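Just so you know, the sequences run in chain order B and D. Each residue of the first sequence is one higher than the one before, starting from 678 at the first, in my numbering. Each residue of the second sequence is one higher than the one before, starting from 29 at the first, in my numbering.
The hints are simulated quantities; they were obtained by calculation from the structure and are not laboratory data. You can take every hint at face value.
Facing chain B, a subset of chain D residues (Cβ under 8 Å, in silico):
#1 Tyr-60
#2 Phe-62
#3 Gly-69
#4 Gln-70
#5 Leu-74
#6 Lys-77
#7 Lys-129
#8 Ile-130
#9 Gly-133
#10 Lys-134
It should be emphasised that the depicted structure is a prediction, and the values quoted were computed from it without experimental measurement. Ideal placement from N, C-alpha and C gives every residue a C-beta, glycine not left out.
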Amino acid sequence: EAGVTQFPSHSVIEKGQTVTLRCDPISGHDNLYWYRRVMGKEIKFLLHFVKESKQDESGMPNNRFLAERTGGTYSTLKVQPAELEDSGVYFCASSPLGQGVWEAFFGQGTRLTVV
Amino acid sequence: AQSVTQPDIHITVSEGASLELRCNYSYGATPYLFWYVQSPGQGLQLLLKYFSGDTLVQGIKGFEAEFKRSQSSFNLRKPSVHWSDAAEYFCAVGAMNRDDKIIFGKGTRLHILP
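Here chain D stands alone, though its shape is the one from the complex (with noise of 0.2 Å):
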């Protein structure tokens, strides 16, 4: 069955201190893997994107992910957090055949520390 699973619900971290939110997933065909995050207030925003190619991906913000197909893994990370990075994070996975659905996980609240 297809899922991605975010082991983490709730991570707390200091400001200024790195992140690394993690994300595992299930799926039979070659992945399209994506990181969304929902500020409060806010819509659901794409924050990167991988596809094929270099497996570390750079995003907005200045996240990055990194995809690991043994692992089927796809951590998210940020060298220093701001913050106005406290926000819900969800990793999602879609078909490379483009049908137009993507699988999220149930994703992670992110608390800064002043």
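Bound-form chain B, shown alone (with noise of 0.2 Å):
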């Protein structure tokens, strides 16, 4: 069975453009987080889809990170404008309904450089 597979592993772009993240679940999970760490800082909780629907967005930083999950499947993470801050690696996890998120499998993240 595939795991959480994050794309790209690896984004290098310049302050002002657009940039999007992509998770593709686990197959049946319906819980679906994302999650960034940003360099030397901890890894912090950005939101939480149930199924295609917003359980929790309390940790998106501004309006310029936007998150969909069209059909309840994959997941993007959409940055515009980009900024230097943005800087930092953004893990997906997902685990089944019914189960927390210390019960989700992780991805490997996206290391997104913007320079």
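From the two separate chains plus the hints, produce the assembled complex.
Structural data, given as structure tokens:
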């Protein structure tokens, strides 16, 4: 069974550009989470989808970040326009409905560098 | 405020030596506690968790952790490390009401000397 897959694994973009990160959860997992680790800081919660609905987006830093999960399958996280402070590693995780995030499987992360 | 402190950013131990990674937390409610590991090129993997009961919990890969409420600590231990244990380790805390947020520490990177 495939795990949580994130694309791309690395992305380098210039300040002001747009970047879209993708997460393919484990098939059948209704919970999908996005977390972010800015360099030298903690891994922080961004948002939580249950199927296609945003259950909690309290961790989204500002309106330059847009997350979607069309059809309740894969999810995208768009940053537009990107700023230098957006650099970091973005993690996605998924779990079956009824299970908490600590029971989630994490992807390997997308390392985003904004220059 | 809720927080997790991992005081050591880097730890270096020799292969075969024992290991203890420190974690202290600040949390208003009774916490769920976790340790995760991220090996190079891999995703975060749950090593072990504490919810209640026995304060010494066993995890995968030979790791264990002890919850000490009086010290607000949840230190991770392994009696004998292997070169494959070189990775970054994250302590985390969550709520018993399962609000689906967990708070991570900044991580400790473990280096293994041959």
